Amino acid sequence: MQVPYTVNTRNDTGLYNAKLGIWLFLSSEVMLFGALFSSYILLRVGADTWPHGYEHLNIPLGTINTAVLITSSVTMVMAWASLMMKDFKKYRRYLGTTILLALVFLVIKGFEYAAKFEHGLYPSTSTYFGIYFTLTGLHGLHVIGGIIVNAYFWGPGSRMWKTDPDRLTHRIEVAGLYWHFVDIVWIFLFPTLYLL
Amino acid sequence: MIGVQYGITALLFLLFGFSLMILMRWQLAYPGQPIPFIGSWFGDANAPGGIMLPEFYNQLGAMHGTIMVFLGVVPLAVGAFGNYVVPLQIGAPDMAFPKLNMMSYWSYFLGGVTMLSSFFVPGGAANSGWTSYAPLATIATTGQTFWLCGMVFLITSSLLGSINFIVTIVQLRAKGLTFMRLPFFVWAQLVTSFLLLLAFPPLEAASVLQLMDRLLGTSFFLPSGLVVAGQQLHVSGGGTPILWQHLFWFLAHPEVYVLILPAMGIVAEIIANNTRKPLWGYKSMVYSTIFLGFMSFIVWAHHMFMTGMGTVISAFFQTTTMIISIPSVIILTALLLSLYGGSIRFTTPMLFATAFLPMFGIGGLTGLPLGLAPSDIHLHDTYYVIGHFHYVVAPGTLFALFAGVYYWFPKVTGRRMNDILGRIHFFGSFIFINGIFMPMFIEGLAGVSRRLYDGGQQYAHAQGVLHWNVFMSISAFCLFFFQFFFIVNFFWSLWKGKKVNSDNPWEATTLEWDTPTPPPHGNFIKPLEVFRGPYEYSVPGKAKDYVPQTEPEEV
Amino acid sequence: MSEAHSLEDIKNQVRRYITVFVALLTLTIITVTVSYFHLSVVPAIIVAMFIASIKGTLVASYFMHLISERKLIFFVLILTGTFFLALMTLPVAHHADRGGII
Chain A
26 MQVPYTVNTR NDTGLYNAKL GIWLFLSSEV MLFGALFSSY ILLRVGADTW PHGYEHLNIP
86 LGTINTAVLI TSSVTMVMAW ASLMMKDFKK YRRYLGTTIL LALVFLVIKG FEYAAKFEHG
146 LYPSTSTYFG IYFTLTGLHG LHVIGGIIVN AYFWGPGSRM WKTDPDRLTH RIEVAGLYWH
206 FVDIVWIFLF PTLYLL
Chain B
19 MIGVQYGITA LLFLLFGFSL MILMRWQLAY PGQPIPFIGS WFGDANAPGG IMLPEFYNQL
79 GAMHGTIMVF LGVVPLAVGA FGNYVVPLQI GAPDMAFPKL NMMSYWSYFL GGVTMLSSFF
139 VPGGAANSGW TSYAPLATIA TTGQTFWLCG MVFLITSSLL GSINFIVTIV QLRAKGLTFM
199 RLPFFVWAQL VTSFLLLLAF PPLEAASVLQ LMDRLLGTSF FLPSGLVVAG QQLHVSGGGT
259 PILWQHLFWF LAHPEVYVLI LPAMGIVAEI IANNTRKPLW GYKSMVYSTI FLGFMSFIVW
319 AHHMFMTGMG TVISAFFQTT TMIISIPSVI ILTALLLSLY GGSIRFTTPM LFATAFLPMF
379 GIGGLTGLPL GLAPSDIHLH DTYYVIGHFH YVVAPGTLFA LFAGVYYWFP KVTGRRMNDI
439 LGRIHFFGSF IFINGIFMPM FIEGLAGVSR RLYDGGQQYA HAQGVLHWNV FMSISAFCLF
499 FFQFFFIVNF FWSLWKGKKV NSDNPWEATT LEWDTPTPPP HGNFIKPLEV FRGPYEYSVP
559 GKAKDYVPQT EPEEV
Chain C
6 MSEAHSLEDI KNQVRRYITV FVALLTLTII TVTVSYFHLS VVPAIIVAMF IASIKGTLVA
66 SYFMHLISER KLIFFVLILT GTFFLALMTL PVAHHADRGG II
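Protein chains in written order, with my numbering: chain A, 26 to 221; chain B, 19 to 573; chain C, 6 to 107.
Just so you know, not all the hints are guaranteed correct.
Unchecked claim - Straight-line C-alpha distance at most 20 angstroms; calculated SDA-like pairs for lysine to any residue:
{"no.": "1", "chain 1": "C", "residue 1": "K76", "chain 2": "B", "residue 2": "T196"}
{"no.": "2", "chain 1": "C", "residue 1": "K16", "chain 2": "A", "residue 2": "S183"}
{"no.": "3", "chain 1": "A", "residue 1": "K141", "chain 2": "B", "residue 2": "K544"}
{"no.": "4", "chain 1": "B", "residue 1": "K117", "chain 2": "A", "residue 2": "V199"}
{"no.": "5", "chain 1": "B", "residue 1": "K193", "chain 2": "A", "residue 2": "V28"}
{"no.": "6", "chain 1": "B", "residue 1": "K544", "chain 2": "A", "residue 2": "K115"}
{"no.": "7", "chain 1": "B", "residue 1": "K117", "chain 2": "A", "residue 2": "L125"}
{"no.": "8", "chain 1": "B", "residue 1": "K193", "chain 2": "A", "residue 2": "N33"}
{"no.": "9", "chain 1": "A", "residue 1": "K115", "chain 2": "C", "residue 2": "K16"}
Unchecked claim - Computed footprint of chain B on chain C; a stretch qualifies when at least three of its residues, placed anywhere within it, have a C-beta under 8 angstroms from a C-beta of chain B:
{"no.": "10", "segment": "74 to 85"}
{"no.": "11", "segment": "88 to 98"}
Simulated from the structure, these hints should not be mistaken for lab results.
Just so it is clear, the structure is predicted and the values come from calculations on it, not from any experiment.
Cβ coordinates follow ideal geometry from the N, Cα and C atoms, glycine included.
Let's have the full structure, built from the sequences with the hints guiding it.
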C-alpha cells in the first residue's frame with residue numbers, strides 16, 4: 026500500500042501531507058528565529074549602550090534588499106499560479122526570476138559583509154555585531170537553501186510536470202510557502218537591525 | 019525497519035550511558051581508589067594509575083546525562099516505539115515521509131558518533147554538565163565543541179522526526195479511527211512530537227551561539243570583565259550567561275515531558291490489556307496530556323530560581339509549575355484507578371507497568387519542593403534534585419520502556435521473551451534501583467551538592483550521610499548485574515524464544531495486533547476500518563473478553 | 006489546495022497578488038521614511054514592528070494563502086505564536102525583575 030494523500034487531500038483535514046508538513050516545519054523555524062530575536066532583546070536591554078541601526082548599517086542597501094525579496098515572493102507565487110493555469114513556460118520564467126532575485130539579495134548582502142570586514146568589524150567586535158551577523162547569517166543560509174531547492178525544481182525537478190503534474194504543483198506550493206517565510210523573516214529583520 | 023534500527027542503537031547507548039555512571043559510582047563510594055579491573059583502560063589523562071581524575075569525573079557526569087537523555091531514552095521512546103507502533107496502531111501503511119524518516123535516523127546516528135568521539139579528543143568529552151552553562155562551557159575543552167555539534171545533529175533528527183509523527187497521526191489514520199478512538203499511546207506521541215517540534219529550535223539556536231562564542235570570539239553569553247585564571251578574557255563582553263539558561267531550559271523543560279509522555283502511553287496500553295478492562299478516564303487522560311504539553315512551555319524558569327530572580331517572575335513560574343502538576347496527577351490517578359476491579363494478569367510487562375505507578379508518584383511528589391522557590395533555596399543543585407529526576411526517568415520511564423520491549427517483542431519477532439528471566443530482571447531491578455535513588459533524598463536534604471567528584475567528602479555537613487554513597491554504589495553495581503538477565507533474554511529469545519501461535523498473543527484490542535507477525539511492507543494486507551474505541555475489554559454480552567477495534571459490528 | 010480552480014479564480018488571485026505587492030513596497034518606503042525621523046527608542050520600535058506586522062500578515066494571508074487555509078493550520082500557528090510570545094517576553098521580564106543586575 027502506498028502512502029495516501031501525497032497528492033489528493035484528505036477529506037476531514039482538507040490537506041495533503043506535504044502542506045501540513047511544511048507548515049509544521051515553518052512553525053519550528055518561527056521558534057528558531059524567535060530564539061535569536063529573544064536573544065537580541067535580552068542583549069540589547071542588558072547593554073549599557075546599543076548603536077542605532079543607521080549608525081552602522083547601510084539603509085538604502087537594506088531597503089533595496091527588502092524590495093528584492095518582496096519581489097521574489099511575488100514571482101514565487103506567480104510560478105505556482107502559472108502551474109495552476111497549466112502554463113509550464115511561464116512557471117519556469119517566474120521561478121527563474123525568483124532564483125535570480127535571491128542571488129541579487131545574496132550579492133548585496135555579500136557587499137555589506139565585505140564592507141564590515143574591511144573596517145575590522147566582526148561578530149566578535151560587540152554583541153550588536155554578534156547578533157547582526159548571526160541573524161542575517163542564519164537568514165542568508167535559509168536564502169541559500171531556498172535557492173538550491175528552487176533551482177532543483179527549475180531544473181531536473183521540473184521533469185515531474187510530464188509524469189505527475191499535480192504533484193509538482195503541490196511541491197512548488199510547498200517550496201513557495203518556505204520562500205515566503207524567508208521573506209517574512211527579513212520583513213522583521215530589516216527594521217529591527219537597520220532602522221531601530 | 020527504522021523503529022528496530024532506532025531501538026537497537028538506543029539500547030546500546032543506554033547500556034553505554036549506564037556504564038559511565040557505574041564508573042562514577044565507584045569514585046563516589048571509594049574516592050581516590052583505583053578503579054578495579056579496568057582502571058588502566060582510561061589512560062593517564064583521565065585516570066593515572068586507575069585513579070579517576072576530577073576532570074574525568076566531570077566528563078562522565080556530563081556525558082552520562084547527555085547520552086541517557088538524548089541518545090538513549092528519547093530515541094527509544096519516540097524513535098523506536100513511536101516509529102514502530104504508531105503507524106500500526108493507526109492503521110497506516112508507513113510513516114508519512116519515509117525518506118525523511120531515514121534522514122532522521124542517520125542524523126541521530128551521526129550525532130551519536132560525534133558525541134562518542136568526543137571522548138578521544140584532547141581534554142576529553144564535554145565536562146560542563148549536560149546543561150553546558152556559560153561561561154564555564156564557553157572556556158571548556160574541545161569536547162564541548164563536539165557536544166554542541168552533536169546536539170545540532172540530534173536536534174535536526176528530532177525536528178524531522180516530529181514533523182513525520184504529526185503528519186502521520188493527523189493524515190494517515192484508518193477509516194473510522196477518529197481522534198477519540200486513538201489508543202492513548204498515540205495521543206502521547208502526538209503531544210510529544212509537538213513538544214519536540216516547538217521546543218528544540220531555541221536550543222539549536224543557543225548551541226550555534228555558544229559555538230560562535232567558543233570559536234569566533236563572540237560574547238553572547240559572556241559578561242563584560244570576565245576573568246579566567248587571573249587573566250581578563252579578551253572578548254567584547256556585553257553578553258549574559260542568563261541568556262544561555264533561558265534558551266537551554268526553554269527546551270529542557272518540555273524535554274522532560276518528552277521523556278515521560280511516551281512512557282505513560284506504554285503503561286496505559288499494557289494496563290488496559292492486562293486488567294481486561296477499559297482505561298479509567300480516557301478522555302481526562304487525553305485532555306490532561308494536551309494541557310500538560312501546553313503548560314510545559316511556560317514553566318522553564320523553575321530551573322532558574324537561583325539566578326537572582328525577582329519575586330514577581332518567581333511567583334509566575336511557581337504558579338505555572340504548581341498548575342502543571344495537576345494534569346500529571348490526573349493521568350497517574352486514572353492509571354491507578356484503571357487497576358481497580360480488573361482481572362489483573364501479572365505478565366512481565368504488567369509487572370514493570372504497575373511498578374511505574376508508585377515510582378512516578380515518588381518522582382512527581384519530590385518535584386514539588388523543587389518547584390516552590392523557598393524550599394528550592396535549600397534543595398537546589400543537591401542530590402535531592404538528582405533523586406527526584408532519576409525517580410521519574412529511571413524507575414519511571416525506563417521501566418515503562420522495558421515493559422514496552424517485553425510487550426511488543428512478540429509483534430516484532432513472533433517469539434515471546436522468557437518469563438522467568440523477565441521476572442528476575444524485574445525484581446532485581448526494582449529493588450536495587452530504589453537502593454540507588456532513595457538515599458539521594460537523604461543526602462540532598464543534608465545539603466550534599468551534586469557534581470562533586472568525591473561525593474561530598476570534603477564537606478563537614480556531609481559527613482553524617484556519606485556512608486550512603488557506598489550503599490548506593492553497591493546498589494548500582496547490583497542493578498547493572500541484573501540487566502544481564504534482560505540482555506541475555508533479549509538475544510536468546512530472538513532465536514530460541516517460544517513462538518507465538520497467533521498474531522495477537524496478548525489478546526489485545528488495538529490495531530497493531532491485527533497485522534501479520536512481523537508486519538509486512540505496507541504493514542497491513544487489507545484496507546482497515548475501525549468500528550470502536552481502543553479498550554473494549556470485558557464488554558458485557560460478548561463471547562470473548564476483548565473486542566478488537568477492527569472487528570465489524572455484528573449485524 | 007486542489008479544489009477545482011477555474012481560470013477566473015486564478016486570474017483574480019493574480020490581481021490580488023499584484024495589489025499586495027504594491028502595498029508591501031509602499032509600506033517598506035513608509036517604514037524607512039519614518040526611521041529618518043529618529044524617534045526615541047520605544048515609539049520607534051512600536052511603529053516599526055506595527056508596520057512589519059502588517060507586511061508579514063499580508064505575505065502570510067495572500068502569498069501563503071492563509072486567508073483561505075484550513076483550521077488545522079491556524080491552530081498550529083496560534084500554538085506556535087503563543088510560545089513565540091512566551092519566548093519574547095518572559096526572559097526580558099525575568100531580567101527586568103532582577104533589579105537591573107546583568
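For each hint, the structure was consulted:
1. C:K76 with B:T196: holds, 17 angstroms
2. C:K16 with A:S183: Between K16 of chain C and S183 of chain A the Cα gap is close to 23 angstroms, so the pair fails against 20 angstroms, i.e. violated.
3. A:K141 with B:K544: Not satisfied, since the Cα-Cα distance of roughly 64 angstroms exceeds 20 angstroms.
4. B:K117 with A:V199: holds, 17 angstroms
5. B:K193 with A:V28: Between K193 of chain B and V28 of chain A the Cα gap is close to 14 angstroms, so the pair holds against 20 angstroms.
6. B:K544 with A:K115: It is violated: about 44 angstroms lies between the C-alpha atoms, which goes past 20 angstroms.
7. B:K117 with A:L125: violated, 30 angstroms
8. B:K193 with A:N33: holds, 16 angstroms
9. A:K115 with C:K16: holds, 14 angstroms
10. 74 to 85: holds (count 3)
11. 88 to 98: Holds: 6 residues of the segment 88 to 98 of chain C have a Cβ under 8 angstroms from chain B.
In this structure, the hints that do not hold are numbers 2, 3, 6 and 7, in rising order.
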